[in-house]
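A.B. asks: In case you want the letters, here they are:
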Amino acid sequence: MTFAVIVFPGSNCDHDAHYATTHVLGQRAEYVWHKDTSLGSADVVILPGGFAYGDYLRTGAIARFSPIMAEVRRFAEAGGPVLGICNGFQVLLEAGLLPGAMLRNRSVQFRCEHVVVRVEHADTSFTLACAPGQRLRMPIAHGEGNYYAEPDVVARLERNRQVIFRYTNADGEPTDEANPNGSVNNIAGLCNEGRNVLGLMPHPERACELALGSADGLILFESVMRAVSGREGRMRVAVFDK
Amino acid sequence: MNPDPALLERHGLTLDEYGRIVGALGREPTLTELGIFSVMWSEHCSYKSSRVHLRTLPTTGPRVLQGPGENAGAVDIGDGLAAVFKIESHNHPSFIEPYQGAATGVGGIIRDIFTMGARPIALLNSLRFGPLENPLVRRTFSGVVAGIAGYGNSIGIPTVGGEVAFDESYTGNPLVNVFCLGIARASDIIKGVASGAGNAVYYVGAKTGRDGIHGATMASAEFDETSAEKRPAVQVGDPFMEKLLLEACLEVMQTDALVGIQDMGAAGLTCSTCEMGSRGGAGIEIDVSLVPQRESGMTPYEIMLSESQERMLMVVKRGREPEVERIFEKWDLHAVRVGEVTTDGLLRVRHHGDVVAEIPNVALTDGAPVYRRPMTEPAYLGEARHVSFATLGTPGAPNEVLRRVLASPTVASKRWVYRQYDHMVRTNTLVLPGMGVAVVRVKDTPGALAMSVDGNGRFVYLDPQAGAQLAVAEAARNVACAGAVPIGATNCLNFGNPERPEIMWQFAKAVEGMAHACRVLGIPITGGNVSLYNETDGRAVLPTPVLGVVGLIEDASRVVRRAFRTEGDVIVLLGESRGELGGSEYLSVIHGAIRGVPPVLDLDREASLQRVLIDGASAGMIRSAHDCSEGGLAVTLVECCIDVPVGAEIDVPSASSPPEGFEDIATLFGESASRAIVSVSPDRETDLLALAGRAQVPARRLGVVGGSRVRVSIDGRGVLDESLSDVAHVWSTAIERRLEAAQAVA
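Chains as they are written, first to last, in the numbering used here: chain A, 1 to 242; chain B, 1 to 746.
Incorrect hints may appear among the rest.
Unchecked claim - Below, simulated DSS-like cross-link-like pairs (lysine-lysine); rule was C-alpha separation at most 25 Å, straight line:
| # | chain 1 | residue 1 | chain 2 | residue 2 |
| --- | --- | --- | --- | --- |
| 1 | B | 207 | B | 330 |
| 2 | A | 35 | B | 330 |
| 3 | B | 48 | B | 207 |
| 4 | B | 48 | B | 191 |
| 5 | B | 191 | B | 317 |
| 6 | A | 35 | B | 207 |
Everything labelled a hint here was simulated from the structure, so no lab data went into it.
From a predicted model like this one, the values you see are computed outputs, not experimental measurements.
Here chain A stands alone, though its shape is the one from the complex:
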């Protein structure tokens, strides 16, 4: 299976995503330069964390105009799994692949620490292998992760079961104290209506080895590997049906 890791100028978690998918998971991964116009034979696209274009204007605001983003959009619309991590999530929001926007953390400071998120739904490409309600411990590292959307949009996201990760305490309760940045409804990650595009602020790629403090992030990658092989299976079936 091949992961495409998009590299924007200013991406800085591209190596980490590459390392997790290749060294830890034993898959193929290829860097795709933002000026490229093809995703090659990628099965999964990762928009990594970082500060694309320095995030000087607004996080992700310029990266969405990169040539490769048209290809990412086509890939997503065809049902291909796309994972936006941290800055990658911000790019997905700016590109309109996911709804809402990011504000500065309510502490008005950058925050780097391990947090606990609860898996709300297991029927997305990146949470297939999870049990609903499962808690994952993963690091966050961001200054603008305070998710915001208009109340009707948030209500729609909740109704459509698109809120996939919520910040909680160790007991799985989404308390205000457990909310590291002020996100509405403690939202840490969400998916699109097709459930194949997922963005989250925590860094699963930093939580793939116990030596680094947690291996809870692995399950996102294992999920998408299962999703892709299942999808290939379905496609093969479809071919045989003809």
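Start from chain A and add chain B according to the hints.
C.D. replies: Coordinates of chain B only, in the frame set by chain A:
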């Protein structure tokens, strides 16, 4: 020869130095030349006051691949790899403009590392501020932390550790020392050398503006009430630009198309051109009108002296230019050919073809003045080294003292600081900040590197020689606690005005102590930085040499952290507690005094202790290890308990020869050197005691890990019995509480 005295003063040059310039040129300098000399001969660039002393530091060893004199030092870490590292100060700019001062300090040290062909993988910092009760200090403190975070986080290099201490003397002159470490293939290390006549000299990176002109000269003068006016001399950082430069430079270095490369840090284009030429024994000719400029109408003087950030100078092999230009284009950077290497050894600066400066490179570098400044033992020492314990009053109950020392910002948790730093990016951080000494793994090898930056201004103030030795010992002991063999060091020497004989004496003695300690412990110093003139209105900071030590762990799975892990584990003290309170955190916090004689240090014993820590770790015998330093045994014990958390119960023998009336205090809070608190599983206790015995390191079982309280008795008599969660709360919230209390008042 009749120079305008005001002109010389503005350039920080003496009449005598002007005479030497005329001698070197054989004529009067032009204004541009005068500017070039002034920055290259500034204390910051020339080390003119410190150089004679620095020569005594040990700089060689079997692992040393690059010693002082390059952009950074390098040591061999096996597997064909090198650790490239250096520490540097950005004290003066950080006082004037905390955010940008600190941010550009980080940017500068990162450039030093990747300029050597190394991928930077870790940042640390050593910070000093005045008391947080002062609103100016709070602004400086939060600004510096935000600046370090802003730059490091954006460029994607984790800030994995460091130290922060507070003392009145740093109020008007904070210390911001930043350390960076990178990994390079040992065979691919590239240097700041210009050679090969006709090879092209390229400028790449940000455009040149008027920012930072005379930054190096500013860093070579004291502060006074007009310092705020120097704000335009502080540069503004652009971490995004530097990220592009970093990636593009590393990509270019894969090609072997470069002869040499150097960043434009202090003294900008001036320093990079003449140093590269001087190292290569070559001349360099550039035309400054070709330099990309951010502002119109810049003079050659301004272009040569600008300290705009994120710029590099490269010498490219003839015929390889298109390849290099293509890579920079990919990253949307424009490499511009601004000149070429010549054979005449001169720095020749043209402006639209006209020569505006022509100076022998060597006159600017090796030919800079060297001073043996007069030294006198400071008068304060006689009195300060004496503590009259009888007049200090009663020492206070141990539990009260413990809480107050734990709440001291120097001792307390620095979570408020490090949670603002991305300390996990690059997925190498094996020991998170606050969990002990910083350790990062080296990918594609089985090993890891431990790093510690340490310095104790109080000890150095009371005895510069001993204090500097203690700094070396502590930094090395810290990495040994993680199980790492110290293999190299870098130093940052922060002192006051060297023109004052007392300051020069402190400096010389400290360097002497550092050299001796590094020799005995076998740790070469591969580079560093000197920051003098750390004074405001004639008051110097505590003399603060900071040492950054790098240690190698062969097996990353054997890394030892500081935290007690398992109930029932046996707690052992390695080393010996004497009743040493001189220069302690206790005296400072409880009695507001910096007095006494620093702890005695026996370097051979120190080396033996470190050997035990390293061997015990690599044998998988030691479960946890924590250096016993600021705050003494009691504070160290609490810190070992906090992370998991798990309590402990210990009984310690009374420290030898304590001051009368302060027996318990000296036992609990004395800061005797060469000690560590370690824990082992019960079945390894005898192994550890035997290992220590063979090394002739005193070792004693103190008690066991367990419960939810911290209990300490001295010779069987209970002296502390505290709820761990209570003392942990005091320790972990002390800095926040000080900042919040201030906000509430405001």
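A.B. asks: Are the hints correct? Go through all of them and say.
C.D. replies: Verification of the supplied hints:
1. B/207 / B/330: This hinted pair holds, its Cα atoms lying about 18 Å apart.
2. A/35 / B/330: Given pair residue 35 of chain A, residue 330 of chain B holds - Cα atoms ~9 Å apart, limit 25 Å.
3. B/48 / B/207: Outside the cut-off at roughly 31 Å; violated.
4. B/48 / B/191: Distance of about 23 Å is within 25 Å: holds.
5. B/191 / B/317: holds (14 Å)
6. A/35 / B/207: holds (24 Å)
Against the hints set out earlier in the document, a violation occurs for number 3 only.
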